[in-house]
Amino acid sequence: MRSLHLDTVGAVDAARALADLVEISPHIEAAAVVAGDGILGDSVGVPEGRADELARAVHELLERAGAFRSEGARLAQIHAELGDGEVFTVTGTQGQTVVAVVGKRTAAGLVFYDLKRCLAAIESKDGHGS
Amino acid sequence: MGRKLLRFAGFASGAVAGTVLCRRVFGAAGERVDVYFDDGSFVTFAGRSSEAARLVPLAQRVLAAVRPA
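Going line by line, the protein sequences match chains A and B. For what it's worth, our numbering labels the leading residue of the first sequence as 1, then goes sequentially. For what it's worth, our numbering labels the leading residue of the second sequence as 1, then goes sequentially.
For the record, the hints were derived by calculation from the structure and aren't laboratory data. Since the structure is predicted, the reported quantities are computational estimates derived from the model, not experimental observations. Hints should not be assumed to be uniformly reliable.
[As the list claims (entries may be wrong)] Using C-beta positions, here's what the derived DEER-type ranges look like:
hint, chain 1, residue 1, chain 2, residue 2, range
1, A, Lys-104, B, Ala-46, 16 to 22 Å
2, B, Ser-41, A, Asp-13, 29 to 35 Å
3, A, Pro-47, B, Gly-30, 24 to 30 Å
4, B, Ala-46, A, Asp-13, 27 to 33 Å
5, B, Val-43, A, Glu-60, 37 to 43 Å
6, A, Glu-63, B, Thr-44, 16 to 22 Å
7, A, Ala-35, B, Asp-38, 14 to 20 Å
8, A, Arg-74, B, Arg-67, 15 to 21 Å
9, A, Arg-74, B, Ala-46, 20 to 26 Å
10, B, Ser-41, A, Gly-49, 34 to 40 Å
11, B, Ser-41, A, Leu-110, 18 to 24 Å
12, A, Thr-93, B, Thr-44, 22 to 28 Å
13, A, Gly-49, B, Val-43, 17 to 23 Å
14, A, Gly-66, B, Arg-67, 24 to 30 Å
[Stated by the list, open to error] Some chain A residues flagged as far from chain B (calculated, every beta-carbon gap over 10 Å):
hint, residue
15, Pro-26
16, Gly-41
17, Ala-65
18, Arg-69
19, Leu-75
20, Glu-81
21, Asp-84
[Stated by the list, open to error] SDA-like, lysine to any residue: derived pairs with alpha carbons at most 25 Å apart:
hint, chain 1, residue 1, chain 2, residue 2
22, A, Lys-104, B, Asp-39
23, A, Lys-104, A, Asp-20
24, A, Lys-116, B, Ala-64
Heads up, the beta-carbon is just placed ideally off N, CA and C, and yes, glycines get one too.
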């Protein structure tokens, strides 16, 4: 499996970062960026008309999972293994979350690595871009 | 004879109940949610725990959103 090296291409917009993510990680069926307030940024592989439902579900998942945090800690990642797929999220310090749905079981560490690179590229763009 | 039949019926119904229970418990054991925090700590909620029951349906909603029926 190849790995994503978005740091080598510098800051990119979210749509490009997500497209690169699913291209480099063929196990990822769909991916999206959700802002801290639950607003969907960009997505790839999400069927038309389903993006809002995806954003709502991700936002609620993050809210509930965050309730289990210990004092002072911030929710950073979620990995949900389900019967017919897996869900990964990585949340950055700026509150944005990259979520990915994986169909075939794969190494969680690699998926998290690629999601973190993707998020870093997006945050870099947001921080230094237009 | 009647007592033997009663014992057998009790054993059989117990075995069936045990099988159903095992299937329910271990059937859900494959579903789990790992939650990681930025201080390096993480928690795993698996099976039919109350915490998993709060998170798994939302993760399934995420999955369903990208895989409409």
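Now the hints, each set against the structure:
no.: 1; hint: Lys-104/A / Ala-46/B: 16 to 22 Å; result: 21 Å, holds
no.: 2; hint: Ser-41/B / Asp-13/A: 29 to 35 Å; result: 33 Å, holds
no.: 3; hint: Pro-47/A / Gly-30/B: 24 to 30 Å; result: 26 Å, holds
no.: 4; hint: Ala-46/B / Asp-13/A: 27 to 33 Å; result: 37 Å, violated
no.: 5; hint: Val-43/B / Glu-60/A: 37 to 43 Å; result: 18 Å, violated
no.: 6; hint: Glu-63/A / Thr-44/B: 16 to 22 Å; result: 19 Å, holds
no.: 7; hint: Ala-35/A / Asp-38/B: 14 to 20 Å; result: 18 Å, holds
no.: 8; hint: Arg-74/A / Arg-67/B: 15 to 21 Å; result: 30 Å, violated
no.: 9; hint: Arg-74/A / Ala-46/B: 20 to 26 Å; result: 23 Å, holds
no.: 10; hint: Ser-41/B / Gly-49/A: 34 to 40 Å; result: 38 Å, holds
no.: 11; hint: Ser-41/B / Leu-110/A: 18 to 24 Å; result: 22 Å, holds
no.: 12; hint: Thr-93/A / Thr-44/B: 22 to 28 Å; result: 24 Å, holds
no.: 13; hint: Gly-49/A / Val-43/B: 17 to 23 Å; result: 34 Å, violated
no.: 14; hint: Gly-66/A / Arg-67/B: 24 to 30 Å; result: 25 Å, holds
no.: 15; hint: Pro-26; result: 15 Å, holds
no.: 16; hint: Gly-41; result: 15 Å, holds
no.: 17; hint: Ala-65; result: 5 Å, violated
no.: 18; hint: Arg-69; result: 5 Å, violated
no.: 19; hint: Leu-75; result: 6 Å, violated
no.: 20; hint: Glu-81; result: 5 Å, violated
no.: 21; hint: Asp-84; result: 7 Å, violated
no.: 22; hint: Lys-104/A / Asp-39/B; result: 29 Å, violated
no.: 23; hint: Lys-104/A / Asp-20/A; result: 19 Å, holds
no.: 24; hint: Lys-116/A / Ala-64/B; result: 24 Å, holds
The structure shown violates the earlier hints numbered 4, 5, 8, 13, 17, 18, 19, 20, 21, 22.
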